[in-house]
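With the working numbering, the residue at position 86 of the sequence shown is 86, and numbering never jumps.
In short, the hints are calculated from the structure, not lab data.
It cannot be assumed that every hint is accurate.
Straight line, CA to CA, 30 Å or less: simulated DSSO-like cross-link-like pairs of lysine-lysine [to be verified]:
#1 68 <-> 48
#2 67 <-> 45
#3 26 <-> 91
Distance ranges between label pairs, derived from CB positions [unchecked claim]:
#4 38 <-> 90: 19 to 25 Å
#5 18 <-> 98: 20 to 26 Å
#6 70 <-> 91: 36 to 42 Å
#7 38 <-> 65: 41 to 47 Å
#8 3 <-> 60: 33 to 39 Å
Only a predicted model underlies this, so the values are computations on that prediction, with no experimental measurement involved.
Glycine included, every Cβ here is placed at the ideal spot set by N, Cα and C.
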Amino acid sequence: MALDLVEEMRSALVDRFTLRLLGQHKLGMGDFTDHRTRGTRLTRKALKVFFEEYEEFLTTPWSAGGKKLSFRSLFRRQAECLARAILGEEKYEAFRWTKDTVWAD
(Lines of atoms letter the chains of each structure in order from A; the text may use other names.)
(Lines give C-alpha, C1' and ligand atoms only; values in the text may rest on other atoms or scores of the structure.)
Protein backbone atom coordinates (compact mmCIF):
# COMPACT_ATOMS: atom_id res chain seq x y z
CA MET A 1 0.00 0.00 0.00
CA ALA A 2 2.90 2.36 0.73
CA LEU A 3 4.16 1.89 -2.82
CA ASP A 4 0.69 2.74 -4.15
CA LEU A 5 0.83 6.03 -2.25
CA VAL A 6 4.28 6.81 -3.61
CA GLU A 7 3.21 6.00 -7.18
CA GLU A 8 1.13 9.17 -7.48
CA MET A 9 4.30 11.13 -6.67
CA ARG A 10 6.80 8.93 -8.51
CA SER A 11 7.38 11.05 -11.59
CA ALA A 12 7.83 14.27 -9.68
CA LEU A 13 9.82 12.76 -6.84
CA VAL A 14 11.94 9.94 -8.23
CA ASP A 15 12.40 11.13 -11.79
CA ARG A 16 13.00 14.76 -10.84
CA PHE A 17 15.37 13.82 -8.02
CA THR A 18 17.38 11.42 -10.19
CA LEU A 19 17.69 13.88 -13.07
CA ARG A 20 18.69 16.62 -10.62
CA LEU A 21 21.52 14.49 -9.16
CA LEU A 22 22.82 13.66 -12.61
CA GLY A 23 22.30 17.14 -14.06
CA GLN A 24 24.13 18.81 -11.18
CA HIS A 25 26.94 16.23 -11.50
CA LYS A 26 26.47 15.05 -7.93
CA LEU A 27 26.47 11.50 -9.27
CA GLY A 28 28.13 10.21 -12.41
CA MET A 29 29.33 7.03 -14.12
CA GLY A 30 32.15 6.56 -11.60
CA ASP A 31 29.66 6.34 -8.76
CA PHE A 32 28.28 3.00 -9.92
CA THR A 33 29.72 -0.50 -9.68
CA ASP A 34 28.65 -3.41 -11.83
CA HIS A 35 28.39 -6.84 -10.21
CA ARG A 36 27.74 -9.88 -12.36
CA THR A 37 25.26 -11.44 -9.95
CA ARG A 38 23.99 -8.44 -7.97
CA GLY A 39 23.50 -5.89 -10.76
CA THR A 40 24.55 -2.25 -10.89
CA ARG A 41 24.79 -0.44 -7.57
CA LEU A 42 25.93 2.86 -6.12
CA THR A 43 29.29 2.90 -4.36
CA ARG A 44 29.31 3.55 -0.59
CA LYS A 45 30.51 7.11 -1.18
CA ALA A 46 27.76 7.70 -3.75
CA LEU A 47 25.13 6.26 -1.40
CA LYS A 48 26.13 8.84 1.21
CA VAL A 49 25.69 11.62 -1.36
CA PHE A 50 22.39 10.11 -2.52
CA PHE A 51 20.86 9.95 0.97
CA GLU A 52 22.06 13.43 1.96
CA GLU A 53 20.61 14.92 -1.22
CA TYR A 54 17.41 12.87 -0.88
CA GLU A 55 16.80 14.16 2.64
CA GLU A 56 17.24 17.74 1.45
CA PHE A 57 14.98 17.14 -1.55
CA LEU A 58 12.20 15.71 0.65
CA THR A 59 12.13 18.84 2.79
CA THR A 60 12.51 21.46 0.03
CA PRO A 61 9.26 23.48 -0.17
CA TRP A 62 7.24 23.95 -3.33
CA SER A 63 3.69 25.11 -3.88
CA ALA A 64 0.64 23.47 -5.39
CA GLY A 65 -2.79 25.01 -5.48
CA GLY A 66 -1.58 27.93 -3.40
CA LYS A 67 -0.32 25.69 -0.56
CA LYS A 68 3.34 25.33 0.43
CA LEU A 69 4.32 21.68 0.65
CA SER A 70 7.34 19.43 0.82
CA PHE A 71 7.33 15.81 -0.27
CA ARG A 72 7.59 14.80 3.38
CA SER A 73 4.44 16.78 4.29
CA LEU A 74 2.68 15.51 1.17
CA PHE A 75 3.42 11.87 2.12
CA ARG A 76 1.87 12.46 5.55
CA ARG A 77 -1.15 14.26 4.14
CA GLN A 78 -1.88 11.52 1.62
CA ALA A 79 -1.40 8.75 4.21
CA GLU A 80 -3.86 10.50 6.53
CA CYS A 81 -6.35 10.88 3.66
CA LEU A 82 -6.02 7.17 2.87
CA ALA A 83 -6.58 6.26 6.53
CA ARG A 84 -9.78 8.34 6.59
CA ALA A 85 -10.93 6.68 3.35
CA ILE A 86 -10.32 3.20 4.77
CA LEU A 87 -12.37 4.17 7.83
CA GLY A 88 -15.15 5.35 5.52
CA GLU A 89 -14.89 8.97 6.62
CA GLU A 90 -14.15 10.38 3.16
CA LYS A 91 -13.35 9.40 -0.40
CA TYR A 92 -9.63 9.07 -1.20
CA GLU A 93 -8.41 11.57 -3.72
CA ALA A 94 -4.99 11.11 -5.29
CA PHE A 95 -2.68 14.10 -5.41
CA ARG A 96 -2.73 15.62 -8.90
CA TRP A 97 0.24 17.34 -10.46
CA THR A 98 -0.89 20.44 -12.34
CA LYS A 99 0.63 23.25 -14.33
CA ASP A 100 0.29 25.39 -11.18
CA THR A 101 2.87 23.35 -9.26
CA VAL A 102 5.81 25.67 -8.58
CA TRP A 103 9.20 24.25 -7.59
CA ALA A 104 11.61 26.07 -5.31
CA ASP A 105 14.59 25.23 -7.49
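Verification of the hints:
1. 68 <-> 48: holds, 28 Å
2. 67 <-> 45: At roughly 36 Å apart (the allowed maximum being 30 Å), residue 45 and residue 67 break the hint.
3. 26 <-> 91: violated, 41 Å
4. 38 <-> 90: 19 to 25 Å: Given about 44 Å between the Cβ atoms, the range is violated.
5. 18 <-> 98: 20 to 26 Å: holds, 22 Å
6. 70 <-> 91: 36 to 42 Å: violated, 25 Å
7. 38 <-> 65: 41 to 47 Å: With a Cβ separation near 43 Å, residue 38 and residue 65 satisfy 41 to 47 Å, so the hint holds.
8. 3 <-> 60: 33 to 39 Å: violated, 23 Å
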